[in-house]
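Enquirer: So you can see what is in the structure, the chains are spelled out below.
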Amino acid sequence: MVKLQLKKFVGLLSRPESPELLISPKEIISLSKGRPDGKLHMNCPAADGREWAGAMACLTEWCGKQKAAAGRAVEPVIVISNHWVRYVVLPADRGNLRRTEEVEFARAMVAERNGQEWESSTIRLSRGVSDEGIIAAAIPDALLADINAVVSASGLRCSAIHPLFSHTLDHARFPGGVSHALIVCVEPGRMVIGMVGNDGWSWVQSPLSGLKPAVTLERELSREQSLFAIAGEMPLYLFEHGASVDQAIDPALQVVIHRLH
Amino acid sequence: MRIVPRLRLDFATRKRALPPGYWLLAAGVVFALFAGLALEERHTAAEKAAAEEKARRLAAAKPAGEVQRFEAVDRRLATPWGMILTAIDQAVADHVVLLTVEPDAEKGRIQIGAEGKTAEAMTSFVSALANNPAFASAVLVSHQVRAEDQDKPLRFMVAVQWRAGK
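In order, the protein sequence lines correspond to chains E and B.
Position 178 (the first sequence) corresponds to 177 in numbering that gives the first Met the number 0; numbering is contiguous.
Position 107 (the second sequence) corresponds to 106 in numbering that gives the first Met the number 0; numbering is contiguous.
Isolated chain B, as found in the complex:
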């Protein structure tokens, strides 16, 4: 601590004033501050309007989503399961065993897994499906010989597209 305190004895009648440039600078700073605040306010208002618009759009979009879900459910309910299963049943010959039937109502497809004793049995099954008027197409997706089985049967997959409106 300074033992001798500063006396600060000033006899000048006029106190030191800041140079005029400082007042100009201060005025500039104040102006910039106000301008910044005004811009910020405008920016905030624009952001707020954008957020409101987004919320409004989302609110408007919500019923459409609901509609899509209802349509999906409706499609599933409208699938002609009876006709499809009858058509598959008709295509199955003596030497073909049906293993799996995986329908995809959204896309109107059925993935059929089956096993045939011979290649002819497999191709006749696929042809029967393809020729059925209930289906738009029937395509052999894959097939393989089961070597572990002494009869060497063919296990295969068929993709079937059914006709809409049927």
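Chain E on its own, in the form it takes in the complex:
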């Protein structure tokens, strides 16, 4: 009896478990501090409905298992594949916009670059040391609504919902001593490429990458090199989630690749 009461008291004090789940178009995998940990891998066949319907079916199954398992409360961190996230860097000369105006400005930028369907998206802004180099991330409202519906239907709740790119970066340990760096996060079929420096982010793209990510990477870097005049060798920190850049990058691009996982 005493043991049971003690267990109940400890349960009240302990934080709920927060497993990280990467939700992708074809699979759900578990992460640990932004890296795949191999504890969970669920294949999610395509289903009728929205493009994430298969992933939602997988998530429903996973949530049902958590509900069935007695014990500590579970509040998952949902990490959303870059397939369903778009990024823009807000221009530094955007005037004295209020926070809500910045969000609307970012939504308009995302929709302009990626299509009108992105007008119905939720926006989150990063905050840097100054107004320069701020990243805006957009996730479709419908996807967020589906995730919340699936999770809450199982009696659980999300402790956080992160885009894969920011989740990976926030948990990564970067070597110091560089003033600028390229960050690349690769998944099957899509990658996110960005350039960051002491003043924040210069640019971010999330192109489709096809079967050969290295080709897409070279193409994007060539294009951005001319736009942003990348001079000299630049470190490129590469994060590979289920896809790899297994082909040498053109030496003329002057990038030195560091694989961080």
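Careful, some of the hints might be misleading.
Stretches of chain E that chain B covers, calculated by requiring three or more beta carbons in the stretch to come under 8 Å of a beta carbon on chain B [as the list claims (entries may be wrong)]:
id	segment
1	132-146
2	151-161
3	168-175
Derived by calculation from the structure, the hints in this document are not laboratory data.
Treat the numbers as computed from the prediction; the structure is a model and nothing was measured.
Think of the CB as a built atom: it goes at the ideal place given N, C-alpha and C, for glycine as much as any other residue.
Fit chain B to the known structure of chain E by using the hints.
Expert: Coordinates of chain B only, in the frame set by chain E:
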């Protein structure tokens, strides 16, 4: 410095909340804090009351001290010096020389130092003091022969207690 600033992009509508146990714990800590403060306040009040009581007692005790001092002075003034010195003078015989007389008014005593030619002179002096009605007692405290003197006199001390009220 980390070149890549943390983005911290969270799309969850509900922010992480502390488990309910933490609120209970926090309530307990607040309660303990208030209880501690209340106890401290009571303790301080008790200490203050004790200090006041002590000060009051000291203040009350002060006049008594004064009285004791006055009584001591009064005792000294009331000492019958004339009668004592007359009684000592009467006891001194031909062969006894008085050296010192040290009165202690507080205790009603006199320490008398004297020198006698013989032991008989010394004992008769002590007996004379003891038989005098002014004194309650007269006791030979010490004596020694002065060997360096060719007459070999006796130097001695007598403690005399005089009678109160005389």
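Enquirer: Hints first: check each against the structure and report whether it holds.
Expert: These are the hints, each one checked on the structure:
Given a C-beta distance limit of less than 8 Å, the hint that chain B covers the segment 132-146 of chain E holds, as 4 residues qualify and 3 suffice. Residues of the segment 151-161 of chain E lying with their CB closer than 8 Å to a CB of chain B number 6, which satisfies the three-residue condition for coverage. Coverage of a stretch by a chain is defined here by at least three residues with a beta carbon nearer than 8 Å to that chain's beta carbons; for the segment 168-175 of chain E and chain B the count is 5, and the condition holds.
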